[in-house]
Amino acid sequence: MFLEKLILVVIVFTISLVIAMYATYFERKVAAWLQDRVGPDRAGPFGLLQPLADGVKMFMKEDFIPKNSDKWLFIMGPGIAMFTALITSTIIPWGPNLNVFGRDVVLQVADFNIGILFILGVLSIGVYGIMIGGWASNNKYSLFGAIRASSQMISYELALGITVITIVMMTGSLSLREIVESQHGMNWNIFYQPVAFLVFFICSLAELNRAPFDLPECESELIGGYHTEYGSMKLGFFLFAEYISMFVSSAVITVLFLGGYNFPGMDHFSGNTLAILSLLAFFGKIFFFIFVIMWIRWTLPRFRFDQLMHLGWKTLIPVALINLLVTGLVIAFTSGWMTKEKQISSVDHQVEKTEIIVKR
Amino acid sequence: MEHLSNRSKVVSDKPMTFMERLYLPAIFAGMMTTLKHLFRRHNTIKYPEEQRVFAPVYRGMHVLKRDEKGRENCTACGLCAVACPAEAITMVAAERKPGEENLYREEKYAETYEINMLRCIFCGLCEEACPKEAIFLTDRIVPTEFERDDFIYGKDLLVESMDHRIDITKRQHTGKRSDK
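One line per chain: the protein sequences are E and H, in this order.
To convert, take the position in the first sequence, counting from 1, and add 948; that gives the working numbering.
Quick note: the second sequence, position 52, residue 42 per the working numbering, numbers continuous.
Source of the hints: derived by calculation from the structure; they are not laboratory data.
Careful: at least some of the hints might be erroneous.
[Said to hold, decoys possible] Think about it this way: if two alpha-carbon atoms lie no more than 20 angstroms apart in a straight line, the pair counts; the simulated EDC-like pairs of lysine to aspartate or glutamate are:
id	chain 1	residue 1	chain 2	residue 2
1	H	K36	E	D1018
2	E	K1262	H	E10
3	H	K26	E	E975
4	E	K977	E	D989
5	H	K145	H	D57
6	H	K145	H	E90
[What the hints assert, rightly or not] Computed spacing ranges between beta-carbons, pair by pair:
id	chain 1	residue 1	chain 2	residue 2	range
7	H	S(-5)	E	G1213	37 to 43 angstroms
8	H	R138	E	L1228	57 to 63 angstroms
9	H	L14	E	I955	43 to 49 angstroms
For every residue, glycine included, the Cβ atom is placed at its ideal position computed from N, Cα and C.
Extracted from the complex, chain E is given alone in its bound form (with noise of 0.2 angstroms):
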């Protein structure tokens, strides 16, 4: 048992490295087909061994240290932000069980029950790897995208959370895995709540620190942000890091809205197929969002920083209250608490009835 969950922790570890490091490749390939370039495709066939090129550059640098920084902290900023964003990959559910060598194996190296708070609480955490990072650079640029990162993660992770509260309203459960099974085949939340999706997607970019949210690290006014004073490999833990958060926060959305690894007449396969073929649809959404992502950052220019405080604060949040409280109605509504023909005792019972109801 602990032996199959060390190789799924060490599989999930390589695979969000990879797809991190080809989405570095990835985000130039896409940069240059919206703007009818080319990309890099000079480093082996069409450029595919650009990121290990761009690796084998980062490491090669001198491993610089400002004198008057606060050496430990300004070591510990890149670790902290890689280490959130690798761990949250823990309680992604990729798909259900596979049968290998007779053994059932669960696709999930942990399936706690208050995944989603866990989430949530890392999530806070990230936010101390680029407070850190900047402070302990000891320079004002790095202090303004340090304190504009934080800001800006606080802000929009109260619409997050409200936005997660919504749809753990309509399932019942904070376990990822009871979330992803409670959309099976096409009775994705997206479809019932494209509200909180909307708002979740948007929050979801603002955490990630990504355009048109990227204000932290913008180059143009804080020469680069948080990360100004930072070079080789530590500067590649911060960009990496990004692209590792960017992974997960897709999965995290297709878990929560996109049905996770359920897809249409999955009722037709069983067993090793199915898992099989829920991780390629896993996958596919998660590609798909991550070029979304992508396609968003070279589409929208970026916000000014009080307009991004208006967007949270009075637009966002409101909206994901509003959603929460029609959700709520709709929920007492359905399941009879308005009427006083039954009163059901079990708040489990409630809550499977509010979910067929509400699904149907």
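Take the given structure of chain E and dock chain H to it, following the hints.
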């Protein structure tokens, strides 16, 4: 006032409607625009493998021409150096010795002839100034070097070799000189 072009646009600062304030329709429209570009053909020329077709009057690296018998046309009159706005051309003149008639067309020739390719702005005034049709700009590109000294081209690089004559007929015909 009369408009200079038909591209002038009447602008207004009326408050945005609700749909405009949502921004989402505009964002989707923008994303569709970029999506269209995703399927459009790139117009990059991958340089070392394929090269752009140059115009016949392209002004690239210079050549010092020889005549049909292989004698250098240049008589070191210095008009090109005078015409050069970047002062890139220097030369030292010498007198033709008996027995060198097959090397130089006239009694005077350029012993050294140097063009500093870092100074040169490829304006083509040397070509225009030349009374002997000795110097021409060609469609060859000056290659990059690591040292500044390597950019000072002497006669070894500028004078065309007999084996590889540089074809400048296109330039001669497109130029304003009609007859020799």
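To see whether the hints hold, each was checked on the structure:
no.: 1; hint: K36/H <-> D1018/E; result: violated (46 angstroms)
no.: 2; hint: K1262/E <-> E10/H; result: holds (17 angstroms)
no.: 3; hint: K26/H <-> E975/E; result: holds (17 angstroms)
no.: 4; hint: K977/E <-> D989/E; result: holds (9 angstroms)
no.: 5; hint: K145/H <-> D57/H; result: holds (16 angstroms)
no.: 6; hint: K145/H <-> E90/H; result: holds (17 angstroms)
no.: 7; hint: S(-5)/H <-> G1213/E: 37 to 43 angstroms; result: violated (58 angstroms)
no.: 8; hint: R138/H <-> L1228/E: 57 to 63 angstroms; result: holds (58 angstroms)
no.: 9; hint: L14/H <-> I955/E: 43 to 49 angstroms; result: holds (44 angstroms)
When the structure is compared with the earlier hints, violations turn up for hints 1 and 7 and for no others.
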